[in-house]
Amino acid sequence: MVPRRFTTKIEQCHRKWLGEALDLPLTGHNGIDYCNDFFAIELKSKLKAKGYSINFAVNHDQEKYFPKQNPKRDLYWAFMSYTFSKSVLEVKEKDKLEELVLAREVWCLPWEWISKFPVYSPTKSGPFRYIPIKQIANKEEMTSFSVKKGNIHVQTDSSLEQKLINKMLSSSQEQKEGVF
Numbered sequence: 001m002v003p004r005r006f007t008t009k010i011e012q013c014h015r016k017w018l019g020e021a022l023d024l025p026l027t028g029h030n031g032i033d034y035c036n037d038f039f040a041i042e043l044k045s046k047l048k049a050k051g052y053s054i055n056f057a058v059n060h061d062q063e064k065y066f067p068k069q070n071p072k073r074d075l076y077w078a079f080m081s082y083t084f085s086k087s088v089l090e091v092k093e094k095d096k097l098e099e100l101v102l103a104r105e106v107w108c109l110p111w112e113w114i115s116k117f118p119v120y121s122p123t124k125s126g127p128f129r130y131i132p133i134k135q136i137a138n139k140e141e142m143t144s145f146s147v148k149k150g151n152i153h154v155q156t157d158s159s160l161e162q163k164l165i166n167k168m169l170s171s172s173q174e175q176k177e178g179v180f
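Quick note: the sequence shown uses our numbering, first residue 1, plus one each step.
Wrong hints could be hidden among the right ones.
[To be verified] EDC-like cross-link-like pairs, simulated, lysine to aspartate or glutamate; straight-line CA separation at most 20 angstroms:
#1 Lys163 / Asp74
#2 Lys16 / Glu140
#3 Lys50 / Glu105
[What the hints assert, rightly or not] Pair by pair, the computed Cβ-Cβ distance ranges are:
#4 Thr123 / Asp95: 31 to 39 angstroms
#5 Arg4 / Glu98: 15 to 23 angstroms
#6 Arg4 / Ser85: 17 to 25 angstroms
#7 Ser85 / Asp157: 30 to 38 angstroms
#8 Gly51 / Ile165: 35 to 43 angstroms
#9 Phe38 / Leu89: 37 to 45 angstroms
The hints are simulated quantities; they were obtained by calculation from the structure and are not laboratory data. Fair warning: this is a prediction, and the values are worked out from it, not measured in the lab. We put the beta carbon where it would ideally sit given N, CA and C, even for glycine.
Please work from the sequences and hints to get the whole structure.
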């Protein structure tokens with residue numbers, strides 16, 4: 001598959017997966033990816049494979065605009081790395097991408113967390129902040145939640161952590177009561 005086409009399709013797949021895992025609706029328009037009355041989350045994803053960059057590019061304009069667009073909400077970045085069973089060029093148009101995803105790791109961090117990284121202004125695009133995955137993956141004080149095909153890591157004592165704890169407790173209670 002052409003890499004640009006793959007990126008578009010796999011991003012749709014990831015957005016659906018994370019929305020279900022977090023129990024948050026997709027916004028369905030250009031702007032922040034997930035939004036309810038309390039939270040707004042922007043997803044950035046990266047394939048973990050030989051030859052691929054391990055930095056997340058964050059558009060600085062998004063960083064400035066989304067808080068204005070989503071006042072009174074807790075804003076988070078969701079940085080996702082994932083592994084895939086095929087190389088991008090081996091993927092066929094008819095392939096069901098979700099079935100080819102092996103695993104995902106998602107780190108949800110407060111909006112302002114990225115401000116420690118410099119802003120770069122490339123001549124043909126930008127401005128961007130480049131967030132190294134190693135800076136994210138080593139983040140201390142994270143609580144991890146295991147979900148189908150992945151793990152979601154959120155900052156301990158955050159409102160998002162409480163939401164996921166409540167979701168898991170609710171799901172556990174429904175299973176005990178026989179509600180699916």
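| said: Need the list of violated hint numbers for this structure, in ascending order. | reply: 2
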